[in-house]
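Numbering (my numbering) for the sequence shown: 348 to 544.
Heads up, a few of these hints could be off.
[As the list claims (entries may be wrong)] Heads up, simulated BS3-like pairs for lysine-lysine below, C-alpha to C-alpha not over 25 Å straight-line:
#1 K409 with K497
#2 K409 with K388
#3 K497 with K428
#4 K428 with K466
[As the list claims (entries may be wrong)] Per label pair, the in silico range of CB-to-CB distance:
#5 G483 with R523: 25 to 31 Å
#6 P482 with R436: 25 to 31 Å
#7 H401 with D469: 34 to 40 Å
#8 M348 with D402: 33 to 39 Å
#9 E481 with W384: 25 to 31 Å
#10 K428 with R540: 14 to 20 Å
#11 D475 with L364: 17 to 23 Å
#12 M348 with T378: 29 to 35 Å
#13 G446 with G483: 35 to 41 Å
#14 E513 with K428: 15 to 21 Å
#15 N511 with D469: 31 to 37 Å
#16 E481 with E426: 32 to 38 Å
Quick caveat, the hints were computed from the structure, so don't treat them as lab data. Computed from a predicted structure; not experimentally measured. Here a beta-carbon is modelled for each residue, glycine too, at the ideal position from N, C-alpha and C.
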Amino acid sequence: MAAPPEVSMQDLTGSWLLNKTLSDSFDPAFTLQGIPWIIRKLVSVTTLSLKVAHDIDEAGGKMLIFTQAASVAIAGLSEEKETRFLDGRETLHSSAMFGTSASRSFLVNLSTATGNDGKPLDPFLTQDLLREGEPGGDNNLFDLVIHQTKGWTMEQIWGFGIVNEERRLVRKMVIRKGAEVVYITAYYDWKGREDSQ
């Protein structure tokens, strides 16, 4: 289902479903990230949903709370929660599937955002995304993830795009490990506000 216009990067509250038909396969990324074959196979046949909630921390900083759920338990878990602080502070997240990684999140302007190396973002990350929100504003979510032991990094941008004439939540990812690079685009179907409770 297409995302309605009132749902934006400033308010993603609601439930989303990964559209595997439209999305790229995650298998090349999982292989680079060192995920075992049996887990990769489970992910390929599992329905993956995402619930998003907005909140404010004690200091008044904005947070996004992502709860990802799988229809089949993966690595012993069927649900995993991650809090992203939008002021760029580094947080450690321990995942049953990925292990421990450090991440930083920001709202960014697609035209001026820079990556982990301080250079402009890889063009793939901004390709086909709608320029929504206030002109010149920080209207897209950027995440930088660095794995603590496996040596890979991921830069990703969340935004909206038009697919088959429908507006959808889009997640663009560039995963690097040494000289290897994997590019992934994921598309999400909107399920509604009421499904996020």
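Results of checking the hints against the structure:
1. K409 with K497: 30 Å, violated
2. K409 with K388: Status violated; Cα separation ~36 Å.
3. K497 with K428: OK: K497 and K428 at ~21 Å, within 25 Å.
4. K428 with K466: Answer violated: K428 to K466 is near 31 Å, above 25 Å.
5. G483 with R523: 25 to 31 Å: 29 Å, holds
6. P482 with R436: 25 to 31 Å: Because 28 Å falls inside the window, the suggested range holds.
7. H401 with D469: 34 to 40 Å: 27 Å, violated
8. M348 with D402: 33 to 39 Å: 25 Å, violated
9. E481 with W384: 25 to 31 Å: 45 Å, violated
10. K428 with R540: 14 to 20 Å: Holds - the Cβ-Cβ distance for K428 and R540, about 19 Å, lies within 14 to 20 Å.
11. D475 with L364: 17 to 23 Å: 20 Å, holds
12. M348 with T378: 29 to 35 Å: 31 Å, holds
13. G446 with G483: 35 to 41 Å: This hint holds: roughly 38 Å between Cβ atoms.
14. E513 with K428: 15 to 21 Å: 28 Å, violated
15. N511 with D469: 31 to 37 Å: Roughly 25 Å apart at Cβ, these two residues miss the hinted range, so it is violated.
16. E481 with E426: 32 to 38 Å: 34 Å, holds
When the structure is compared with the earlier hints, violations turn up for hints 1, 2, 4, 7, 8, 9, 14, 15 and for no others.
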